[in-house]
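Colleague: Taking the hints into account, I'd like the entire structure generated from these sequences.
So the sequences go chain by chain: Y and F.
Residue 302 in the numbering used here is what sits at position 302 of the first sequence, and the numbering runs on without skipping anything.
Residue 114 in the numbering used here is what sits at position 114 of the second sequence, and the numbering runs on without skipping anything.
Simulated from the structure, these hints should not be mistaken for laboratory data.
Treat the hints with care, as some may be off.
The list makes no distinction among identical chains, and a pair is therefore deemed to hold if it is satisfied within one copy or across any two copies.
As the list claims (entries may be wrong) - With a straight-line Cα cutoff of 30 Å, these simulated DSSO-like cross-link-like pairs (lysine-lysine) come out:
{"hint": "1", "residue 1": "Lys203", "residue 2": "Lys231"}
{"hint": "2", "residue 1": "Lys96", "residue 2": "Lys481"}
{"hint": "3", "residue 1": "Lys96", "residue 2": "Lys203"}
There are 2 protein chains.
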Amino acid sequence: MPIDRASLVPALKNIATRLRIDSIRATSESGTGHPTSCMSMADVTAALFFAEMRYDPKDPKNTESDRFVLSKGHAAPILYAAWAEAGAFDRAELLKLRQLGSDLEGHPTPRLPFVDVATGSLGQGICAAIGTALNARRIASDYRTYVLLGDGESAEGSVWEAADVAAIDRLDNLCAITDVNGLGQSRATMWAHDMAQFERRWKAFGWHAIVIDGHDMTAILDALDEARATKGQPTMILARTIKGKGVSSVEGKDGWHGKAFKKGEELDRALAELEKQFVPVPDGGPAARLASRITRPSSPPRPVEAPKPIAPPDYKMGELVATREAYGTAITKLGDADARVVALDADVKNSTFSDRFEKAHPERFYQSFIAEQVMVGAAMGLAARGAIPFPSTFACFLSRAADFVRMAAISNVGIKLAGSHAGVSIGEDGPSQMALEDLAMYRAEPNYTVLYPCDAVSAERLIAAMAYHPGPAYIRTSRPKTPVIYSNDETFPIGGLKVLRQSANDVATVIGAGVTVFEALKAHDQLKAEGTLIRVIDLYSVAPVDREALTAAARATGGCLITVEDHYAAGGIGDAVAEAVADAGFTVRRMAIREIARSGKPEELLERFGISATHIIKEVRSLKLEVRSTKSERV
Amino acid sequence: MPIDRASLVPALKNIATRLRIDSIRATSESGTGHPTSCMSMADVTAALFFAEMRYDPKDPKNTESDRFVLSKGHAAPILYAAWAEAGAFDRAELLKLRQLGSDLEGHPTPRLPFVDVATGSLGQGICAAIGTALNARRIASDYRTYVLLGDGESAEGSVWEAADVAAIDRLDNLCAITDVNGLGQSRATMWAHDMAQFERRWKAFGWHAIVIDGHDMTAILDALDEARATKGQPTMILARTIKGKGVSSVEGKDGWHGKAFKKGEELDRALAELEKQFVPVPDGGPAARLASRITRPSSPPRPVEAPKPIAPPDYKMGELVATREAYGTAITKLGDADARVVALDADVKNSTFSDRFEKAHPERFYQSFIAEQVMVGAAMGLAARGAIPFPSTFACFLSRAADFVRMAAISNVGIKLAGSHAGVSIGEDGPSQMALEDLAMYRAEPNYTVLYPCDAVSAERLIAAMAYHPGPAYIRTSRPKTPVIYSNDETFPIGGLKVLRQSANDVATVIGAGVTVFEALKAHDQLKAEGTLIRVIDLYSVAPVDREALTAAARATGGCLITVEDHYAAGGIGDAVAEAVADAGFTVRRMAIREIARSGKPEELLERFGISATHIIKEVRSLKLEVRSTKSERV
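Modeller: Written out as structure tokens, the structure reads:
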């Protein structure tokens, strides 16, 4: 039975007051946090959680539930207070805010079942919200996505990437709210309370924009109604609010960002002022009764459809295929087998070959245009709702989304990033198009899987493996065509490696990945012709690495390990191998790019920057000399 | 003597035709490149270089010259063609495009004297242009900045960050042009030729917007006049163009992005069609005569004012000062001494203490609001024009600008990045606010200096050092207050380290930086009390590291090296030290954060994530046991 507005409005107002109180109490208990950023959005939050959204507080992960993303993650205390108010957990937990051991952290993370993606780096939540909205379309669910932004946050470019994509995709199941409290951390925001600035921008970007007083509960409810009724475009509700609303001593005051009320008189006075703001409710019932009236999702959670078997690789040994091309084939096959697989592009689908996926599964292919942040952010939202998203572009341009890569690590969300055109082996386009620090970026995160295939078979197998491997993952592919060296039925477990050449008399182990595997093989053949044998390893799994196999290779080859990589010297394969064999007392000779790269033909660049077969041969020869001289010293 | 329009327009048209021809010839010679992206912007380029800009082709770095930034860097061939046409170098060089050994690379880099910053990652040039425009204001020069963007590029959020900042700063010395050719790499752009979409957005963002036919030379000249006359706001000229303009077989055709005309018939036919487009010029003179009429800068290049001495650190030993606070003090002192020093903020000036600089030097303090990409991009432009820019924010949020960090490396431009609030030692705010992969990001670039002071004295000294050290640099500061351990006159050369504790009987060397230096010192004292001596090193210079001193320490302490860092395990101090001592055959025990962090009190987190004094002590004890057992094995 719907509640009439006359009862609803005062009941929601009381909830808003309680949310303010809870936000203040929790932050004061912690001695840290952002109470005033919570207070400005309390009315909107009360309306969303207790009059608008359809969800089950005890089953927040329900596939059919409306989603709420707190893009201004520093207002976490009021998010927690709202879920407690809804009955998701005991309100007493709120006072453990920010304590080690409590999942009620300073900013929301998916350690909490009602958080889809970690927020706290501004401008990311709205990108993730696009992902959850696209996912509703994917599974043909009527769930809606709500995302709440700060006004200062609107300066982030990623917000405008999101604005464009949401408008182009006509995401009318997406409703954003900006809490325009006018104050940033250190000063007034760019436009303070000039609501026309916001309205102009959002309208220009193709959104339905509604300006309201964010403390007028009726206006909030009307705007949410209007958003729900708006078809063909997303809605942005621009709520003019007062930072610190409810406690007169801090309302609209600079210098109160990220500052808790001091326990004692300061806190007591604030709480006393808020307590007085509870209003009588016409039907006499307590506001809390609203929690039991939260609308549940319109349909039961849907089961996950089991994937079909994935078509195996189908190549001829020696066939020349770029791993980026194998990527296009692999995700298309995955998409054939599993309806959860989706692909995202940033206008390079004809270079990454993700256009093959688009052709086969146009309804699950999302074009972000040249906007990598929203591409990765949307993938985070999609992954959080059960999709298996493959966002891909040139590996170097994924660095545009480095902060999203970081937040995806914190979210531990299963995005499957693919970066093509890695390294100097791309050739003439020059350094701006060469990823030479990508392995360092992903390896730095403790929970990323990092893969780097050298041929089409391993590429396809690894892409299938990463799709079903939990957590975030990255695969690095190359521009040049390389020969197929593995048979179609070869397996490539994550965390493994392949020993491609070995003998009982190997004087060194050369460890490559991607294009350098072929340089190592060439070096092997030439050295063999002159009577020197080396072991050659394809380190297709860069994180995790096969510690035992690397250590065993070191032992078997006199402790001589050489890594060779189409990547800068720090943070890549050399460091990965060095760390793996350090405990056993082995060190590594690192061959890598050691200066800013430049344009040229691929093979010229491998030579010029010291990672070609010629250089490997030189390195092996120098090692042999060293070993000899050490031996003669001993004699 | 100004040329009348009737002569100028056909002369410029002929230059445009020649630029098209040169762009095509060069890319065909290379067999790679983006001729059609050049052809759409040929008319605008001709107007800019031969009727609008004031510069000396033989002295492109002149401090008073108008600047041109090619934000759509893939159109490099026409940039080169324009400079050749202007007389900067021999036109024959153009045919060496993209060859190893030529500086005419696939995308522009500052290896060329007329390029301020490398472009080729879209959406960055306009941010750098804001920097060059701000620099004109800093030195009170009337030079103007022109920046040419692609239409696809407008999807990048960084473009809208730039749009906001330029409007707020009222940069009427900035004129942007968007080459709206309607086609991206893989498909039509987001808005194709819907010029109203562009106009609406740029107007909403506070720019003066002019829509023109980008192939109508008179319209182009009029628009440039209008831009120059516009006061109080930047101008965006939206030029509707045809991709591949001039060669009918490719005009407006999809599938021709990044594709050279094949030498032979395809090329010949294209050139023949273009040759026919030369028009008669009323005064009969060849179009090339325009080059000799280029307007020179209005004033002679200005000398650099010599900096005054920098006030030395002024702390008491043992005083508690956060390194982030020392940062604020240090840049303020630098600003007092040197008018080239500027600071940029992203609305956290009260946390990074850059507000001290703002107070002292408000005219050299640039507020980017919460928009890290434009902050770093503008710093690149400022640095390219002789300023010494310090952009700062939380270290984790600098990752938002990772791709700019990368392009700054390629540009080898002297930006001085400062990231505060590094590591788990920030405490309660939680992982979204903790930089735990920043050292990996900067170390990966081969030409970044990476510094990490532990106390206020070293912080101040290192900030002064990085200001005058060539190339890009990063300094990592911490949130907690730490005791001053160095005397005010101590020196800290880049590439050095400090041995804080040593004896002849040290059983191990513990290498820390920042907050972990104090954990190492605590461990030292406790271990000493039980009769175990360790060496303690403050690795304040993370890149470059002092290879010799680290190796010497390893030799002196039985090869036992332990690194301990408030950073994830990969890419940071552990890897830096391991790489440095590898050649001498030493390995390193790495203590670092090995899982996603969480909220808690700083000291609790150091303990929980294994980098506290307690853990160091355990590690040293376990090493001692190992050494003993190895010895007993030998016996």
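Colleague: Compare the structure with each hint and give your call.
Modeller: Status of each hint after checking the structure:
1. Lys203 - Lys231: Classified as both: same-chain Cα gap 15 Å, cross-chain 26 Å, threshold 30 Å.
2. Lys96 - Lys481: Intra 56 Å, inter 25 Å, cutoff 30 Å: inter-copy only.
3. Lys96 - Lys203: neither (42 Å within a copy, 48 Å between copies)
Checked against the numbered hints given earlier, this structure breaks only hint 3.
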